[in-house]
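Numbering-wise, full-length UniProt numbering puts 582 at position 582 of the sequence shown, and it's gapless, one number per residue.
Simulated from the structure, these hints should not be mistaken for laboratory data.
Keep in mind that a hint or two might mislead.
[Unchecked claim] Straight-line distance between alpha carbons at most 27 Å, and here's what the computed DSSO-like set of lysine-lysine pairs gives:
no.: 1; residue 1: K734; residue 2: K640
no.: 2; residue 1: K96; residue 2: K139
no.: 3; residue 1: K794; residue 2: K806
[As the list claims (entries may be wrong)] Simulated restraints, written as ranges between beta carbons of each label pair:
no.: 4; residue 1: K139; residue 2: K198; range: 52 to 58 Å
no.: 5; residue 1: E805; residue 2: N161; range: 35 to 41 Å
no.: 6; residue 1: S598; residue 2: Q346; range: 39 to 45 Å
no.: 7; residue 1: S598; residue 2: N740; range: 19 to 25 Å
no.: 8; residue 1: L59; residue 2: H339; range: 26 to 32 Å
no.: 9; residue 1: E663; residue 2: T227; range: 40 to 46 Å
Even for Gly, the Cβ is constructed at its ideal location relative to N, Cα and C.
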Amino acid sequence: MDTANSRSNESLPKGKRKQDLQEMLREVGLAVEYWLPKLQEHLGVTCAQALQHVEEKDLQKLKSQAQHSWEERALEKLLNSNSLSKLQEPQVKMIKKEQKKAEQALQELRDLLSEGKKGQEEAVRKKVAELRQAMEIPKEYWPPPEKPLREVMEHMQRQLNLIEGTLSDRQNLTDRDLLRWASGGLALQGIYKTSYQKDLVQKRDELLSVPKEVLLYGPEHGSRMETREFTSSQEESKFTQMTEKLGFSVIASAKGGGWGFSVEAGMDHSKHSESKETQQSRSEHSYFCSTKFSYVPLASCHFPMDQLQFSKAALQELQCIDDLMSQSADTDRFPMLRHRAETFFQRFGSHANQGPLHLGGIYWWKATSEGFRSEQLAEVKQQSAEALNGYIRGSYSGFGLIRAAGVDGSGSHSETATQSTTSQNLQTKVQLSVAQTGGPPEANGFLQWKAGLVASNQTWSVIDRGLQLVPVWDIILSNHRSDFKDPFQVASLLKDNYTALTGITAQIQDGEELLSVGKEARVFLEDVKSWEVSDPEEQLQKLINFMQILIQKTNSYDTWVNICLTNEGLQNFLVNTVNFCKQSSIYETKFIKSQLCSLLDPHIYRVNDFPQAHSIMQWVFQSKSEEEHINISQFSELIKILKKTHNDLREVMAKSESAETVEEAQRKATYKISLSLGCFLNYLQEKEQPDTQLLLLSIAAGAGYHVVNNKFQYLLGCEELDFLLDKMQTAQDKYQELKNMCTYRAQAFLVLTGLTATAGVMAVSPEEKTQRLALIRQLMGQFLSKEVVHVLSKPGADQDWENLEKDLRLLIDVNCEATISLLQMDEIRKNLQSIFHERKQSHDPHDNRNSKWEVIEHTAFLKLLQCLGLEHYYPKRMSRANFHLINKISVYNTQPSSERELPLYFLQKLQVLDYGLRYLVFRNDEN
Numbered sequence: 001m002d003t004a005n006s007r008s009n010e011s012l013p014k015g016k017r018k019q020d021l022q023e024m025l026r027e028v029g030l031a032v033e034y035w036l037p038k039l040q041e042h043l044g045v046t047c048a049q050a051l052q053h054v055e056e057k058d059l060q061k062l063k064s065q066a067q068h069s070w071e072e073r074a075l076e077k078l079l080n081s082n083s084l085s086k087l088q089e090p091q092v093k094m095i096k097k098e099q100k101k102a103e104q105a106l107q108e109l110r111d112l113l114s115e116g117k118k119g120q121e122e123a124v125r126k127k128v129a130e131l132r133q134a135m136e137i138p139k140e141y142w143p144p145p146e147k148p149l150r151e152v153m154e155h156m157q158r159q160l161n162l163i164e165g166t167l168s169d170r171q172n173l174t175d176r177d178l179l180r181w182a183s184g185g186l187a188l189q190g191i192y193k194t195s196y197q198k199d200l201v202q203k204r205d206e207l208l209s210v211p212k213e214v215l216l217y218g219p220e221h222g223s224r225m226e227t228r229e230f231t232s233s234q235e236e237s238k239f240t241q242m243t244e245k246l247g248f249s250v251i252a253s254a255k256g257g258g259w260g261f262s263v264e265a266g267m268d269h270s271k272h273s274e275s276k277e278t279q280q281s282r283s284e285h286s287y288f289c290s291t292k293f294s295y296v297p298l299a300s301c302h303f304p305m306d307q308l309q310f311s312k313a314a315l316q317e318l319q320c321i322d323d324l325m326s327q328s329a330d331t332d333r334f335p336m337l338r339h340r341a342e343t344f345f346q347r348f349g350s351h352a353n354q355g356p357l358h359l360g361g362i363y364w365w366k367a368t369s370e371g372f373r374s375e376q377l378a379e380v381k382q383q384s385a386e387a388l389n390g391y392i393r394g395s396y397s398g399f400g401l402i403r404a405a406g407v408d409g410s411g412s413h414s415e416t417a418t419q420s421t422t423s424q425n426l427q428t429k430v431q432l433s434v435a436q437t438g439g440p441p442e443a444n445g446f447l448q449w450k451a452g453l454v455a456s457n458q459t460w461s462v463i464d465r466g467l468q469l470v471p472v473w474d475i476i477l478s479n480h481r482s483d484f485k486d487p488f489q490v491a492s493l494l495k496d497n498y499t500a501l502t503g504i505t506a507q508i509q510d511g512e513e514l515l516s517v518g519k520e521a522r523v524f525l526e527d528v529k530s531w532e533v534s535d536p537e538e539q540l541q542k543l544i545n546f547m548q549i550l551i552q553k554t555n556s557y558d559t560w561v562n563i564c565l566t567n568e569g570l571q572n573f574l575v576n577t578v579n580f581c582k583q584s585s586i587y588e589t590k591f592i593k594s595q596l597c598s599l600l601d602p603h604i605y606r607v608n609d610f611p612q613a614h615s616i617m618q619w620v621f622q623s624k625s626e627e628e629h630i631n632i633s634q635f636s637e638l639i640k641i642l643k644k645t646h647n648d649l650r651e652v653m654a655k656s657e658s659a660e661t662v663e664e665a666q667r668k669a670t671y672k673i674s675l676s677l678g679c680f681l682n683y684l685q686e687k688e689q690p691d692t693q694l695l696l697l698s699i700a701a702g703a704g705y706h707v708v709n710n711k712f713q714y715l716l717g718c719e720e721l722d723f724l725l726d727k728m729q730t731a732q733d734k735y736q737e738l739k740n741m742c743t744y745r746a747q748a749f750l751v752l753t754g755l756t757a758t759a760g761v762m763a764v765s766p767e768e769k770t771q772r773l774a775l776i777r778q779l780m781g782q783f784l785s786k787e788v789v790h791v792l793s794k795p796g797a798d799q800d801w802e803n804l805e806k807d808l809r810l811l812i813d814v815n816c817e818a819t820i821s822l823l824q825m826d827e828i829r830k831n832l833q834s835i836f837h838e839r840k841q842s843h844d845p846h847d848n849r850n851s852k853w854e855v856i857e858h859t860a861f862l863k864l865l866q867c868l869g870l871e872h873y874y875p876k877r878m879s880r881a882n883f884h885l886i887n888k889i890s891v892y893n894t895q896p897s898s899e900r901e902l903p904l905y906f907l908q909k910l911q912v913l914d915y916g917l918r919y920l921v922f923r924n925d926e927n
């Protein structure tokens, strides 16, 4: 069993540190010759391990050096390996939320106890139940009633502190690195499929290289707690090996001989082969082990056939066989070829593991007894069960080992803790221990271990390898033809020798037929492109029949998924079929929906470029009653649905300990909110209410709603529903309040909300703000007030988001008169700049002294200028020579002593008003 001390994952950080910086740049597509000097110049980074210390401000520095927008995203990927993945983030949020609930329940319990309440009172018992649920501790593993409540609370607080520290200290890997390092690269190792269990669990070298495109999905299995009992150490050891090397899927399949052998048969054979002496000895010294384990899958991955590529070492070995076969047809070479084939199978395995692979961890508790008589087995089982339950209870609560069934609670806890007790009646020791497959080695108890497992994918192990195996000869013909002189001959040799060595009949597809499957699919899709929806049941059945033909020929769904479902012609036909059925009352849609489900579920979730997939699946899973009754025309109706959905989901999450049940509830909630929101948005569009439509769309986008595809991009949880419910109500109230006061203030609030609304702690990215601003202009362009248009039209408004949002807040917060005044001042400033540039380009002041007198509307002012002899100085622009006429009067605060001095004083006042002169003197010496 993998324990914390023997986990192969411990080499992971060391391996990552050795990774070359240039290789990391190439992996994300960045040019080494450009970015390597930039990293050194701006951040002082010269090695890969330094990247883990780079902060957000450093990332922004690098982004400023990007020549293309895609490079910014590549930099984020390069420097963001320690951030939470999309799979981890909701789970960490869930733990933090439950942790907050537990803290609150603890505080309320303290308040109740300080008021003199007793543990038996209803209010206290209710709060204890809330605490237990928030801590996710099963009822049977909660500390017993005789344990003082205050002591229980202290231990729970200690557990919460440990969990908080674990969540804050997280290191994460990219998806490709995760596959490379998890369980020492187990996902990439080959499997030698024979009739013997020992061959299946033996460690092999890496048969595969890491796929270029690794896509991790949520787990297909749910978390579960199981108990197994063993009456021999060999039986227990084989089960542990099978679990850790292959996973539960293989064990379940093997019980029925699904892989050509049976677990029970193999184990029984080992037991019956023991000698009589051993059996007689074991009657005096029997063995019993009861083990409970918590299986926690966090992610799954499937390797498409076209992504299965041999590792460098495996390919070189196969090419050596290819070279040997191409030599002279000497009969002596055949034993050598068989030996090389057998050596290859022993080193790399005969089959690659295609999945579905599951990553996560397993936490094990064991109670082991030895040296009792066979007739005492029943009593030993009971004693072991009681001791194990007490031990697990201690692991959950943090008490250490709680006394149960005479168990001595003394002893130490280490990474693989071991304690023992002796029954007075049986004189038999029960050895108690705990071990981990994956998870943080320093974890003190199950709860901290699980939190650390969720927070850091560096601690993940491969806990299930799935059932789909692909033989090496098929990989050669599918993906490595160009690497061999005669790929068909090499594939045939491997297949024939595999059958001779294992006794298992193997088949090989004709190479040309394998190659032609893709061509056949494309020819069929050309025909589908011209289909018009006429008889959907018959046409969908044709698709189903063709899909089944492909599966029979390739033994996988890869061609159907990668070639057919990504085809635009087929996608259009499926969309048209759904639209046809929505508008037609002739066809019974129940059967058509089942046909679509066969074609699309779950394969559609592996297709990234099918924008209408969500709406199609919504319709497929929509019940008839929902189709008929969803009709929302009031904002209050939408809020009512949000509240009910939110409460329903919270209730499921509080009651259920099954991840599958919670995920199903999230799917239903996401579907219901998508449907209701879409219905109300359509109503607003019909009624030409773009302002409310924009407000709701913006808030929904903050919770992951894709405006173009009209769907949420991931499952909604309680946090997202909280955000939608709170933000929609408060934003709508605020908008209506401002709208009654001043239109442009309300619109400024609308635009600001559209740009900034988000459910997470991270701010909206500049790229997303650009998309949101485009949506705002699309929906509200012709309705926007001149004040808002003015703010949005400022130069660089769609790049300087900070100033744009500041201007919008100014519009929202200040009174109308002050705002208009500020806007007018800004407008005047723009006009003056424009006038200055025009006049600067039109003529030089020195050449226009004798030009014609310009008309001035104010005749009184004109007469004054003539009287003073200043008609040649104003409104003509004054030059430097005019400025020197003004001597000490501009420096000293004096008054004119005679009318003769008056022109100079007046000229000095005029030059103060002449902004052109100030510009001329102080900023441009050439004029």
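Status of each hint after checking the structure:
no., hint, in the structure
1, K734 / K640, "holds, 19 Å"
2, K96 / K139, "holds, 21 Å"
3, K794 / K806, "holds, 13 Å"
4, K139 / K198: 52 to 58 Å, "violated, 41 Å"
5, E805 / N161: 35 to 41 Å, "holds, 38 Å"
6, S598 / Q346: 39 to 45 Å, "holds, 42 Å"
7, S598 / N740: 19 to 25 Å, "violated, 55 Å"
8, L59 / H339: 26 to 32 Å, "violated, 55 Å"
9, E663 / T227: 40 to 46 Å, "violated, 24 Å"
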